[in-house]
Amino acid sequence: MRNKNRRKGQMRVIEAVLAATVLAVSMLAALKLTSSVNPYASETRDELTRYCYDFLLSLADKESFDKIIFYNSALKAHWEQTMTVTLTSLLPTDLFYNMTVFNMTSKNGIVSEVVLNNSTITDASPADFLAGSEVVAADIIYTSRNAWVLKIHLELARGG
Amino acid sequence: MNLRIWRRGKKRAQIILTMAIAMVLVVLTAATLVYLTETQHMAFSENPSRDIILGIDSDFGRALERILAQATTKYNTTAEINTPRILANQLFTYWIMSAQEVYAKSGLDIRTNLTSSLLQPSKSLYGYNYSARMLYNLTKLYWYYPQSISAIGASISINSVQGGYVGWQSPHTVLLNLTLCVPSIRKGSGNDLLFNAIVSKENNQPVTDLTQKNVAVYLYDPTVGVGTYCWKRGNVTQLIYNGGGNYTCDVVPQFSNPSQASSFWSYYCQFVLLIVQDNRGIIVESYSYTHIDYTIQENAIESFFPSNSLKKWETYVFDLLPNGTMYWYERKLSYSGFAPPVPLPPVKQFRVTATRLGPQDPNFVQVPYQAEVWSNNYLWPSPNFAEWRKRFENGSKLVFEVNYPPGVKQQKVRISWLDDGDTCPPVYKINITQSGPFASINNGVYNLTLYARPGYSTWVDYSISLIGFGYHTEYNLLGFDVYPMGGGYWFPDKLPGGNWTVLTGPIRCVAFRKSNVIMEPPTGKNYYDEMQHQMILYIPYNVTYFLYDMNATWLNSVRMNLAYMTPFGMIAGQQADYSLPGRNLRVRWGSLLVSNGATVNGTFSNSSNVMHRDRNYNNAQNYSYWASMYRAGYAASMFASEDLINELASYTIGGTKMDQLWVWTTADYERRVMEYDSIYWKMSGTPSYNTNPNQKIVFRAAGFLSSGGTAQTSYTNDNIWRKGGDSSAAPMKTSTGIAEPSMYYRMFLNSFAPTLSAVSFG
Chain C
1 MRNKNRRKGQ MRVIEAVLAA TVLAVSMLAA LKLTSSVNPY ASETRDELTR
51 YCYDFLLSLA DKESFDKIIF YNSALKAHWE QTMTVTLTSL LPTDLFYNMT
101 VFNMTSKNGI VSEVVLNNST ITDASPADFL AGSEVVAADI IYTSRNAWVL
151 KIHLELARGG
Chain F
1001 MNLRIWRRGK KRAQIILTMA IAMVLVVLTA ATLVYLTETQ HMAFSENPSR
1051 DIILGIDSDF GRALERILAQ ATTKYNTTAE INTPRILANQ LFTYWIMSAQ
1101 EVYAKSGLDI RTNLTSSLLQ PSKSLYGYNY SARMLYNLTK LYWYYPQSIS
1151 AIGASISINS VQGGYVGWQS PHTVLLNLTL CVPSIRKGSG NDLLFNAIVS
1201 KENNQPVTDL TQKNVAVYLY DPTVGVGTYC WKRGNVTQLI YNGGGNYTCD
1251 VVPQFSNPSQ ASSFWSYYCQ FVLLIVQDNR GIIVESYSYT HIDYTIQENA
1301 IESFFPSNSL KKWETYVFDL LPNGTMYWYE RKLSYSGFAP PVPLPPVKQF
1351 RVTATRLGPQ DPNFVQVPYQ AEVWSNNYLW PSPNFAEWRK RFENGSKLVF
1401 EVNYPPGVKQ QKVRISWLDD GDTCPPVYKI NITQSGPFAS INNGVYNLTL
1451 YARPGYSTWV DYSISLIGFG YHTEYNLLGF DVYPMGGGYW FPDKLPGGNW
1501 TVLTGPIRCV AFRKSNVIME PPTGKNYYDE MQHQMILYIP YNVTYFLYDM
1551 NATWLNSVRM NLAYMTPFGM IAGQQADYSL PGRNLRVRWG SLLVSNGATV
1601 NGTFSNSSNV MHRDRNYNNA QNYSYWASMY RAGYAASMFA SEDLINELAS
1651 YTIGGTKMDQ LWVWTTADYE RRVMEYDSIY WKMSGTPSYN TNPNQKIVFR
1701 AAGFLSSGGT AQTSYTNDNI WRKGGDSSAA PMKTSTGIAE PSMYYRMFLN
1751 SFAPTLSAVS FG
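Respectively, the protein sequence lines represent chains C and F. For the first sequence, this note's numbering gives the first residue as 1, with consecutive numbering after it. For the second sequence, this note's numbering gives the first residue as 1001, with consecutive numbering after it.
Hints were generated in silico from the structure; no laboratory data involved. Some hints here could point you the wrong way.
Per label pair, the in silico range of CB-to-CB distance [said to hold, decoys possible]: (1) C:16 with F:1209: 54 to 62 Å; (2) C:18 with F:1209: 20 to 28 Å; (3) C:129 with F:1093: 31 to 39 Å; (4) C:90 with F:1211: 53 to 61 Å.
From the three backbone atoms N, C-alpha and C, an ideal C-beta is built for every residue, glycine too.
Whenever a hint applies, use it, and build me the whole structure from the sequences.
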């Protein structure tokens, strides 16, 4: 009778373990499938690169570059500061950034990149980037409402 | 025993089942991990080409939006398509080069293609048929119809061997589609107008984010005075979104004089011009109507000469103003009802078509037309007279010609505006050449030469040379006073001076001057305080006439020592024509209408200086609306308006009217003259005359060439036509040369002006 109960107990334990395993695997799978790239949790350089592009494209989709850089088709005064504040507020605190905006300037049929920002758009020093464990960069092209074509270059570095 | 065996079997089955479940779990877990790994590999592969390409593709669409916004904005201001199209192409090229520059290092090969696609199939909407609308050549604008579209389209292809993308291609179309729901136009509860409009964009997506600031509504103001533009921007008080891109617009019309605006609510409220600019900056413009139809009736010839084959030159040149009023020869065509105002598309969009065989003719053919720019009060041509790169705004005129062949008393005319922004302006049919002081205008029938920069020479006697139908006649426009010289006299002593400005459009030339210069050719002096004069000559394409409009004011009491004044006359012949072979080309007979409606015919002299009709000798005061000099194959005529007849009768000396129609052969026998005089030159005891300051000289007249005729059966009656010393210069009983002037002169009289029989729109 005791052996019989013991065996029954063992089977219950095995079944419970299996059930728990099923639940755990399902939850892990569900979490993996539904979670977006989280820069806080991103572990690879590739993920950070992907994040860098996504971040720029989302700003472009919202026409943030137009709103920050231009006013009535002309360059805003001190737009670089506005850009810095925006990036600082949107990017995770453990990421350093450095943005450069180029105006694609056409002269005599040749298009070249001319830096548009007169001051740096960054929250870090060069040393921070050197010290960073990972540094990634992304470039996107952005056509503004006044039909300027801009190249937006963003570098991100994981702090520490 | 059996029970034990059964329990042992049960335990084994449980273990097998448990193991099976465990195996399934392991397999499922492994499969999930493999899937996740694969997904992660695809999503976070080291090469970021996917993000780059998505970024490029996204910005390509954005660039097309920007280009279309810029192009439509430019088109809205330039009213011509070349500049916005060039701008669009430049921006497009700039974008491609920029993208290639930015991504060259990434190993991307970026290419673009202009696409050709069907934007909208042919359809019928609100009773009007729309042709199929195609998108090609990067941008296309189909505006000014109730349904209007601005569109841009191109495709982008990207190859990246490094990123594993080859042959990636993405077509893009960006558009804004506006439909003004014409049946929905209605009066609101107050003094407001309501209508609905549907706004959509590419892929038939409704535009949902419009507000009042996105729309501009123009409504006709029937209360404006002369010189003020009749289309006024209404005050959009509400723009209600009903879903599905459908908006209700509530607009309050603006009137110069609200108390007289009742006709707006009874009729003019149907005409709505709507401009929408979406939040991407793309503009589109819709009108609630697409054309105006007129039935214009001639009243000058057909009733008097039904189906007469001579009636081939009955061509009127009508001026249509933005407020819908129509003019011929500076006189408004009468119409008892309301006529639609003309909207304000770029003038190149207009097309004028008319029937050829009367109002029952189902076929409309394009007739000569042009748009002109005048001063806001329409008194004076603008220096930008023929500028077509503008909208049909204040000062604009739409000018078109309508011919009435034999048997046709009415013609239908359709004024339409095309929706395709690539519509070209009409081609020029009138040529002007300038050589020295002369400007020569070829209208396809005759060549009119102006002494455009007058000086002091023998030329200045004759202000206009008209060559056509194989010969020439000079028409003098105004002259007064007589200069005595060595036993003879210089007629006239003084002439209006000042340079002519000659402006031409595709089918009508206007020569004009406005000056206070009075020239005295015999002395070479100028006078500046005698007369302010404004003259306009109209030279339409492919007609046999020119129109002359005179508007002058005496600035002082100007003394004419030998009283004489002629407002309009004509002289045919020159020295070379006196001998053969030129002699055969000279006009031989003269005919004129007299006050009782009869005609007088006579022969000019080939050998004597004869005053054929002159108040010094006979009853030259008996005249009327036309006079003509002719031979077989050529005739030069002058047609007086009622204004000119009144003007002629407005000068008196000693209580006697001094007017006449002077007909004579010059002292050298070389020239034949017929001229209307308001003060005839009294040969004996010539009086002087002091003009009345502020008296105006206002009249219209026309010169007319035709194919002439011959006069028959001479007789003698010096009271009708003097022979003088030449017995062959006799009056003639009959003439075939009177047929054309008799037929056509009523065209230039107010009382027989064309009338509007019907006006409609759609």
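*residue 1211 of chain F and residue 90 of chain C - C-beta distance against the hinted 53 to 61 Å*: 28 Å Cβ-Cβ, so the 53 to 61 Å window is violated.
*Go ahead and decide if the range 54 to 62 Å is satisfied by the Cβ distance of residue 16 of chain C to residue 1209 of chain F.*
Distance hint for residue 16 of chain C, residue 1209 of chain F holds at roughly 56 Å.
*Given the range 20 to 28 Å, decide if the beta-carbon distance of residue 18 of chain C to residue 1209 of chain F lies inside it.*
Given a distance of about 55 Å, which is not inside 20 to 28 Å, the answer is violated.
*Return holds or violated for the Cβ distance of residue 129 of chain C and residue 1093 of chain F against the range 31 to 39 Å.*
Holds: the Cβ-Cβ distance is about 37 Å, inside 31 to 39 Å.
In this structure, the earlier hints numbered 2, 4 are contradicted, and the remaining ones agree with it.
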